[in-house]
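Engineer: Listed here are the chains, written in short residue letters.
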Amino acid sequence: MSVTSIGTSVKRREDKRFLTGKGNYTDDMNRPNQTHAYILRSPHAYAKIAALDVSAAKAAPGVVAIFTGDDMKVGSIPCGWQVHSKDGSPMKEPPHPPLAQGFVRHVGDQVAVIIAETYSEAKDAAELIEIDYHPLPAIADAKKALEPGAPPVWPDVAPDNLCFDWHIGDKAATDAAFEKAKWVAKLDLINNRLIPNAMEPRAAIGDYDVSNDLHTLYTTSQNPHVIRLLMGAFVLGIPESRLRVVAPDVGGGFGSKIFHYAEEAIVTWAAKQIERPVKWTAERSESFMTDAHGRDHHSHAELAMDDQGRFLGLRVATIANMGAYLSTFAPAVPTYLSGTLLAGVYTTPAIYGEVKAVFTHTVPVDAYRGAGRPETTFLLERLVDVAAEVSGIDRVELRRRNFIPPDAYPYQTPVALQYDSGDHAGCLDRALEKSDWAGFPARKAESAARGKLRGIGLSTYLEACGIAPSAVVGSLGARAALYEVGSVRVHPTGSVTVFTGTHSHGQGHETTFAQVVSDQLGIPIESIEIVHGDTDKVPFGMGTYGSRSLAVGGSAIVKAVDKIVAKGKRIAAHLLEAAEADIVFADGKFTVAGTDRSKAFGEIALAAYVPHNYPIETEEPGLEETAFYDPKNFTFPGGSHICEVEIDPDTGVTQVVRFTAVDDVGRVINPMIVEGQVQGGIVQGIGQALLENCVYSEDAQLLTGSFMDYCMPRADDVPFITVDHHTTLCTHNPLGVKGCGEVGAIGCPPAVINAVVDALKPYGVSHIDMPATPEKVWQAIQAARPAAAAE
Amino acid sequence: MTTLSVSLTVNGKKVSADVEPRTLLVQLLRENLHLTGTHVGCDTSQCGACTVHVNGDSVKSCTILAAQADGADVRTIEGLAQAGVLHAVQEAFREHHGLQCGFCTPGMVMSSADLLVKNPNPSEHEIRTWLEGNICRCTGYHNIVKAVQHAAQTLRQTAQAAE
Ligand code: FES
Ligand code: FES
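Residue numbers (my numbering), protein chains in the order written: chain A, 1 to 791; chain B, 792 to 954.
Don't read these hints as lab results, they were simulated from the structure.
Don't be surprised by glycine CBs; every beta carbon is placed ideally from N, CA and C.
Hints should not be assumed to be uniformly reliable.
BS3-like, lysine-lysine: derived pairs with alpha carbons at most 30 Å apart [what the hints assert, rightly or not]: (1) B/937 / A/563; (2) A/22 / B/805; (3) B/937 / A/434; (4) B/804 / A/16; (5) B/804 / A/22; (6) B/937 / A/22; (7) A/171 / A/144.
Chain A residues, not near chain B, derived (Cβ > 10 Å throughout) [what the hints assert, rightly or not]: (8) 50; (9) 89; (10) 190; (11) 285; (12) 507.
From just these sequences and the hints, can you work out the full model?
Structural biologist: In structure tokens form, the structure reads like this:
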């Protein structure tokens with residue numbers, strides 16, 4: 001009897017420790033003889049450090065050491081992706097020192113580290129540090145930063161603030177398409193800057209073992225091996241063999257904990273200087289001004305259509321804010337994670353996209369849940385709604401006319417990607433049905449009777465996950481590979497430990513991966529342990545981001561288990577005195593085909609470790625295998641999201657009242673976990689669409705520096721979310737999975753804004769930028785009122 | 792530096808500690824008592840990750856001084872399960888996937904448990920409004936609200952059975 005749990009909602013194995021307060025997050029850990037670090041940060045957006053005097057602070061109670069940029073002369077924090085401009089020149093790449101070297105370039109930039117016996121003592125001492133800053137003109141807005149005479153962030157490296165000027169697609173063909181157009185839809189839009197705000201603030205503990213010259217860094221990371229590589233090789237010059245990076249329980253990431261941050265290098269380096277452990281935990285206000293931000297794109301987009309509403313050509317020009325330094329994946333976000341998706345789910349034959357990436361005196365901007373794909377999806381799905389207005393073709397019908405048909409797969413887009421699978425009309429049909437699209441007019445009338453404006457909006461989207469293969473991303477500028485590693489250790493009595501290079505910080509890998517291995521080996525989930533987050537335990541890995549864990553990391557585990565099964569067959573053939581080709585493995589048993597002679601998985605494991613009767617001439621003892629899996633292509637999840645909003649015209653308050661998502665994430669291993677991922681992503685999307693906005697003043701002071709100023713979605717801001725699936729399988733990975741971590745944040749925002757615009761149609765509103773706050777909505781209504789009244 | 796001596800009951804045990812006047816209750820719990828299940832997610836009393844019960848009421852432990860808790864009866868997430876049996880709210884969070892990364896979870900659970908004492912049969916709206924002071928970045932609240940609804944039902948049934 002088969003014991004598969006694939007497709008069932010197995011309860012999460014990690015929950016008990018979290019529910020009883022037994023989680024082990026970085027800040028929960030303390031090392032013997034540990035010290036505490038406070039990091040003194042710049043209050044200025046741009047300034048020269050003319051003088052810095054730490055002598056009084058050094059004498060303060062409890063202070064162990066104080067280090068500044070003069071003390072910490074180490075390598076630069078590297079950028080992991082190099083983009084080239086249209087003219088072939090490489091992007092401008094300024095240095096990124098962990099502690100400021102003479103200049104600070106954004107509010108929150110690290111100036112000094114104060115290490116003391118207690119955190120309070122370190123913080124108190126910091127107030128005694130005397131710094132003579134010479135403030136310089138600063139700029140936060142990327143568009144303005146490109147204007148002549150704008151204050152440069154890097155006068156020597158990029159005097160015009162331009163990091164790169166990139167493009168993709170065929171300009172001539174696209175221009176020609178516009179010549180033939182019957183209708184052209186045009187839209188200027190802003191993808192609002194966001195602050196990720198994982199609920200666990202970043203933290204890091206550096207520990208140094210003097211006698212063995214070994215470094216250990218405990219850190220809140222989505223990818224400990226990547227941190228070991230970046231920090232070890234580029235910043236501190238520590239070989240992998242002397243550097244252990246541990247990412248224990250991590251309280252959410254959403255991209256913000258991918259990147260190598262200065263504080264990790266500071267505590268690792270300082271621990272060696274003082275030969276004591278150094279612990280640093282961010283206060284939330286530090287998170288606001290140091291965790292890499294997300295989005296911040298300004299775009300102009302145009303879509304050409306023929307007289308049937310068929311899309312002929314798409315032109316997009318984007319200005320992307322990079323912040324003051326280039327964070328780990330920053331250059332890839334507006335380019336290869338964005339521009340390559342401009343086809344969306346449509347057959348648009350000619351596409352041309354341009355991106356200018358710009359330095360500003362702000363926190364670095366990098367990947368945040370969806371990374372580039374939400375920006376493109378928002379742009380496309382807003383533009384298609386505008387196209388429906390311009391052409392007079394119903395927005396659902398217009399989408400249908402332009403969908404890539406299921407029989408066109410594999411589908412080569414004009415912007416590099418080849419999609420492997422999808423059924424967009426199928427997703428849309430199901431979403432229309434689930435959301436009762438047809439019943440909307442009645443609901444609208446009911447809202448109207450209560451004095452409320454009701455709108456409905458949709459988005460039909462596709463995104464790219466599990467980015468790969470390594471050779472391709474390498475040719476596009478990635479400085480790392482993007483395979484994943486799975487290692488499977490079968491113990492003598494048949495229990496199994498699986499080591500994965502991905503990292504779970506909420507995704508439930510300990511459960512989902514165990515389901516996969518249990519299915520493959522025919523053994524109970526309880527016999528399987530999943531280990532992640534420690535470079536000393538897991539052979540290697542690239543970590544968790546871009547919805548890659550199951551598609552890439554899970555596939556690596558499957559490949560490693562395949563090797564275990566293959567070896568098991570060879571051992572079984574010996575024990576059962578049969579030909580290897582005659583051994584079949586199913587339901588946890590190796591059987592001679594067509595007979596009842598078999599060996600259980602546990603018997604094979606024992607034979608491998610106690611090789612008394614064993615094919616010792618040809619097989620090594622033991623049962624442990626590792627696989628590196630380099631995917632053949634990206635995966636392409638997609639779907640249809642439908643949102644209904646209700647607006648109070650007197651206050652502008654907008655409530656999402658219904659939300660339906662029908663996604664195609666490939667095979668679903670654990671529906672409960674997938675639904676949770678989608679719901680969480682959607683609420684982040686609602687946050688972006690209605691509530692969240694990172695605001696800098698003209699001179700680059702961060703104005704939204706706490707939860708009091710930055711509006712996070714709360715329980716009473718959102719409704720229950722209906723989640724369903726319409727599945728096509730990924731054709732090129734062994735599980736047929738596509739990834740579900742980001743679909744919510746990608747598909748949702750345009751559905752919300754399309755609904756808001758739909759609700760405001762009577763007021764002549766054709767677009768509203770995110771977030772559609774009560775004030776913005778109210779202003780839009782007020783602006784229309786005189787005209788409406790005059791009619 | 793002046794220190795104060797505070798004595799209180801935490802999860803049924805009498806404890807005392809010498810703390811600075813500025814020490815917060817959450818610091819006392821995490822740093823002195825090593826009860827690290829209570830989390831710190833912000834510095835503006837907004838996130839609720841630090842929620843504990845003080846004399847039976849849910850309180851953000853980053854918002855009161857340790858000295859103010861002198862003599863109080865404090866319960867943290869570590870003290871909610873009794874004799875290894877999860878509290879109905881904990882059980883419902885597990886059953887209905889009310890947590891992902893787990894960081895907001897202790898605060899969510901403590902806050903929800905208090906709600907259900909004060910309002911055994913809350914509406915969806917009442918649950919959402921009550922939890923307004925607890926931020927979760929992972930779940931989208933859907934399964935948290937579901938879990939609280941189910942826990943409410945369980946607790947009502949248990950109460951009825953006991954009558
Ligand atoms: S830590 Fe207490 S409310 Fe955020
Ligand atoms: S479960 Fe991660 S913040 Fe709530």
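Engineer: Looking at the structure, which of the earlier hints fail to hold?
Structural biologist: Violated: hints 1, 11, 12.
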